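A.B. asks: Sequence:
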Amino acid sequence: MDALHDAPIRCQDIFKALPDQQRPIRVVLTNGVAGVGKTFSVQKFTLDWAEGLENQHVSVVVLLSFRELNLIRDEQYSLLELLHVFHPTLQKVTAEKLAVSQLLFIFDGLDESRLSLDFTNRKLLSDVTQKSSVSQLLTNLIQGNLLPSALVWITSRPAAANQIPPTCVDRLTEVRGFTDAQKEEYFRRRFSDEELSSRIISHMKTSRILHIMCSIPVFCWITATVLEHMLTTEQRGELPKTLTDMYSHFLLVQTKRKKNKYHKGHETSPQKLTKADRKVLLKLGRLAFEHLEKGNIMFYQEDLEQCGLDVTEASVYSGVCTEIFKRECVIFQKPVYCFVHLSIQEFLAAVYMFHCHTNRKTESKNGHLDLFVRFLHGLCLESNQRLLVGLLGQTEISPGTIQRVINNLKEMNSDEISPDRSINIFHCLMEMNHLSLFQEIQEFLKSENRSEKELSEIQCSALVFMLQMSEEVLDELDLQKYNTSWHGTTETDSSCEELQKGW
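Numbering (the numbering used here), first residue to last: 1 to 503.
Treat the hints with care, since some could be wrong.
Claimed, not checked - When the alpha-carbon atoms are kept at most 30 angstroms apart in a straight line, the in silico DSBU-like pairs for lysine-lysine are as follows: (1) 275 <-> 205; (2) 97 <-> 131; (3) 44 <-> 326; (4) 258 <-> 334; (5) 258 <-> 326; (6) 97 <-> 16; (7) 44 <-> 334; (8) 16 <-> 44; (9) 92 <-> 241; (10) 241 <-> 123; (11) 97 <-> 123; (12) 205 <-> 279; (13) 283 <-> 205; (14) 44 <-> 92; (15) 205 <-> 446; (16) 279 <-> 294; (17) 258 <-> 283; (18) 241 <-> 272; (19) 258 <-> 275; (20) 123 <-> 294; (21) 131 <-> 334; (22) 97 <-> 44; (23) 258 <-> 279; (24) 258 <-> 272; (25) 283 <-> 241; (26) 334 <-> 92; (27) 205 <-> 241; (28) 272 <-> 283; (29) 279 <-> 241; (30) 283 <-> 326; (31) 123 <-> 92; (32) 294 <-> 326; (33) 294 <-> 334; (34) 294 <-> 283; (35) 131 <-> 92; (36) 279 <-> 326; (37) 272 <-> 326; (38) 241 <-> 258.
Quick caveat, the hints were computed from the structure, so don't treat them as lab data. If you're wondering where the values come from, they're calculated on a predicted model, not measured in any experiment.
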């Protein structure tokens with residue numbers, strides 16, 4: 001892979017080499033967090049190509065989503081047969097025609113894959129009529145053994161992108177979501193009521209965490225849904241400032257809308273859930289939790305049944321509450337299910353785990369459970385438990401237990417966790433409204449003798465977290481002005497690198 005260029009690029013230009021690049025761009029890997037717009041970029045690229053506006057050197061665009069490829073992961077196909085099955089309009093295309101055509105294969109949603117992509121112990125394929133497993137077809141296509149002139153575009157969440165070896169990728173791109181100006185534009189376009197949009201924008205800016213998360217278009221939609229409901233109804237209470245608070249309100253708002261749709265004239269408190277709703281939501285929570293651990297975000301009939309959800313029950317619920325859970329028909333008209341956004345799956349997984357009072361240990365080396373852990377800590381707050389009392393039931397967590405959770409976070413061994421995991425500790429503390437550590441750092445920064453007082457490793461991470469949360473742009477951080485241990489300095493330096501990656 002060529003040297004990194006941190007410069008903007010249009011999705012239509014991803015296969016165009018830069019002036020200083022000698023080799024052509026054949027394989028592009030596009031990263032981006034869930035809901036940031038990767039699939040939208042694919043759709044925009046394809047539409048512009050189909051309308052004759054861009055990339056007319058490409059003869060055929062072959063879109064293959066991993067959620068569909070999962071359905072045939074145990075079957076044998078040739079690449080030619082795969083094209084015929086997924087795109088019947090290509091039935092008359094022969095192997096000879098493929099060899100002289102400029103094809104673009106788009107594999108959307110690597111993070112949804114249940115295929116085993118092995119780039120080391122692979123079977124070498126060069127004939128498009130030779131049958132093999134879907135996994136082997138993909139690895140040979142990506143490595144250029146099959147149709148070496150074909151272009152390949154893969155989209156993925158960051159946690160799953162390492163399945164593709166860097167040596168196979170000619171260009172790595174990232175979809176970063178909304179800029180600050182685009183966030184405001186979204187809310188102003190969403191609401192014709194100028195006063196309402198201004199109030200929502202103003203509230204978003206009061207919470208740095210919400211402001212950062214609104215770079216993700218889906219989170220803008222969740223925020224708009226919740227704040228519109230709270231500001232236009234007689235519902236009282238403080239507007240949500242943490243993620244757990246926001247998602248708790250979102251779940252209740254959507255459930256209330258479902259009830260109002262089917263039980264008109266019977267206005268009820270949003271906190272009151274029917275037994276049927278509670279039963280289904282907890283089953284969805286179990287589905288969310290068990291598959292979050294496995295890294296699965298798409299579910300099939302057998303997955304639902306293993307969690308006690310029958311297909312009819314799931315279909316009915318996805319039909320009336322599509323903002324939480326939805327059903328799609330893919331190839332062979334087989335239904336697949338998913339949560340509308342990964343963060344909703346993470347939230348319901350945390351609700352389920354909290355409800356079960358389980359001591360089950362969960363581990364993640366690549367950070368795919370970070371948001372789930374933040375939600376879990378946020379649910380310790382009594383205010384969030386009151387909101388979700390209809391789902392969680394009566395919970396009793398003593399102040400002593402809360403303090404032990406906080407102490408455990410603050411005493412975690414930095415030697416055993418990566419810098420970005422360290423940063424997540426402070427997101428957890430923020431979800432619990434625990435600000436003492438940040439107050440310590442603020443006082444330290446104001447002191448004149450800060451070079452004399454040694455910062456602990458946890459305080460180094462707290463410093464980096466505060467820099468991340470700050471609205472001010474910092475061009476330089478001189479670590480020599482701070483008295484830290486060697487490991488603390490390394491921690492801060494590594495964590496500063498994490499800030500470059502964004503959300």
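A.B. asks: All hints, please: hold or fail.
C.D. replies: Here is how each hint holds up against the structure:
1. For the hint pairing residue 275 with residue 205, the CA-to-CA distance comes to about 38 angstroms; that exceeds 30 angstroms, so the pair is violated.
2. Under the criterion of a C-alpha separation no larger than 30 angstroms, the hint pairing residue 97 with residue 131 is consistent with the structure, at around 18 angstroms.
3. Taking the CA atoms of residue 44 and residue 326, the gap is about 23 angstroms. The hint holds against a cut of 30 angstroms.
4. Taking the CA atoms of residue 258 and residue 334, the gap is about 26 angstroms. The hint holds against a cut of 30 angstroms.
5. Distance hint between residue 258 and residue 326 is fulfilled; the C-alpha atoms sit about 14 angstroms from each other, no more than 30 angstroms.
6. For the proposed pair residue 97 and residue 16, the alpha carbon gap of about 24 angstroms is at most 30 angstroms, so the pair holds.
7. Using a Cα cut-off of 30 angstroms, the hinted pair residue 44 and residue 334 holds, with the two alpha carbons roughly 26 angstroms apart.
8. Pair hint residue 16 plus residue 44 holds up; C-alpha atoms about 17 angstroms apart against a cutoff of 30 angstroms.
9. With a CA separation close to 57 angstroms, the supplied pair residue 92 and residue 241 exceeds the 30 angstroms bound.
10. Under the criterion of a C-alpha separation no larger than 30 angstroms, the hint pairing residue 241 with residue 123 is inconsistent with the structure, at around 52 angstroms.
11. With a CA separation close to 24 angstroms, the supplied pair residue 97 and residue 123 stays within the 30 angstroms bound.
12. A distance of roughly 37 angstroms separates the Cα atoms of residue 205 and residue 279; the hinted pair therefore is violated under the 30 angstroms criterion.
13. Among the hinted pairs, residue 283 with residue 205 is inconsistent with the structure: their alpha-carbon atoms are about 36 angstroms apart, more than 30 angstroms.
14. Distance check on the hinted pair: residue 44 and residue 92 sit about 27 angstroms apart at the alpha-carbon level, within 30 angstroms; holds.
15. Distance restraint check for residue 205 and residue 446: the Cα-Cα separation of roughly 24 angstroms lies within the 30 angstroms cut-off, and the hinted pair is therefore satisfied.
16. Restraint check: the Cα-Cα separation between residue 279 and residue 294 comes to about 23 angstroms, which is no more than 30 angstroms; the hinted pair holds.
17. With a C-alpha separation of about 18 angstroms, the suggested pairing of residue 258 with residue 283 holds against the 30 angstroms cut-off.
18. Note on residue 241 and residue 272: the hinted pairing holds, with a Cα-Cα distance of about 23 angstroms set against a maximum of 30 angstroms.
19. With a C-alpha separation of about 14 angstroms, the suggested pairing of residue 258 with residue 275 holds against the 30 angstroms cut-off.
20. At most 30 angstroms may separate the alpha-carbon atoms for a hinted pair to count; residue 123 and residue 294 meet this at roughly 27 angstroms.
21. Taking the CA atoms of residue 131 and residue 334, the gap is near 23 angstroms; set against the 30 angstroms cutoff, the hint holds.
22. Proposed proximity of residue 97 and residue 44 is supported: the alpha carbons are some 27 angstroms apart, at most 30 angstroms.
23. Distance restraint check for residue 258 and residue 279: the Cα-Cα separation of roughly 15 angstroms lies within the 30 angstroms cut-off, and the hinted pair is therefore satisfied.
24. A threshold of 30 angstroms between alpha carbons decides the hint, and for residue 258 with residue 272 the separation of about 13 angstroms falls inside it, so the pair holds.
25. Distance check on the hinted pair: residue 283 and residue 241 sit about 28 angstroms apart at the alpha-carbon level, within 30 angstroms; holds.
26. For the hint linking residue 334 to residue 92, the alpha-carbon distance of about 25 angstroms falls within 30 angstroms, and the restraint holds.
27. This hinted pair checks out: residue 205 and residue 241 have alpha carbons roughly 10 angstroms apart, not beyond 30 angstroms.
28. Distance hint between residue 272 and residue 283 is fulfilled; the C-alpha atoms sit about 18 angstroms from each other, no more than 30 angstroms.
29. Restraint check: the Cα-Cα separation between residue 279 and residue 241 comes to about 28 angstroms, which is no more than 30 angstroms; the hinted pair holds.
30. Between residue 283 and residue 326 the alpha-carbon distance is near 15 angstroms, which keeps this suggested pair within the 30 angstroms criterion.
31. For the proposed pair residue 123 and residue 92, the alpha carbon gap of about 28 angstroms is at most 30 angstroms, so the pair holds.
32. Proposed proximity of residue 294 and residue 326 is supported: the alpha carbons are some 20 angstroms apart, at most 30 angstroms.
33. The straight-line distance between the Cα atoms of residue 294 and residue 334 is roughly 22 angstroms, inside the 30 angstroms bound, and the hint therefore holds.
34. A hinted pair counts as satisfied when its Cα atoms are at most 30 angstroms apart, and residue 294 with residue 283 qualifies at roughly 17 angstroms.
35. Annotation: proposed proximity of residue 131 to residue 92 holds, straight-line Cα distance about 19 angstroms (limit 30 angstroms).
36. The straight-line distance between the Cα atoms of residue 279 and residue 326 is roughly 17 angstroms, inside the 30 angstroms bound, and the hint therefore holds.
37. Restraint check for residue 272 and residue 326: the C-alpha separation of about 23 angstroms stays at or below 30 angstroms, so the hint holds.
38. Simply put, residue 241 and residue 258 have alpha-carbon atoms about 25 angstroms apart, close enough for the 30 angstroms limit, and the pair holds.
The structure shown violates the earlier hints numbered 1, 9, 10, 12 and 13.
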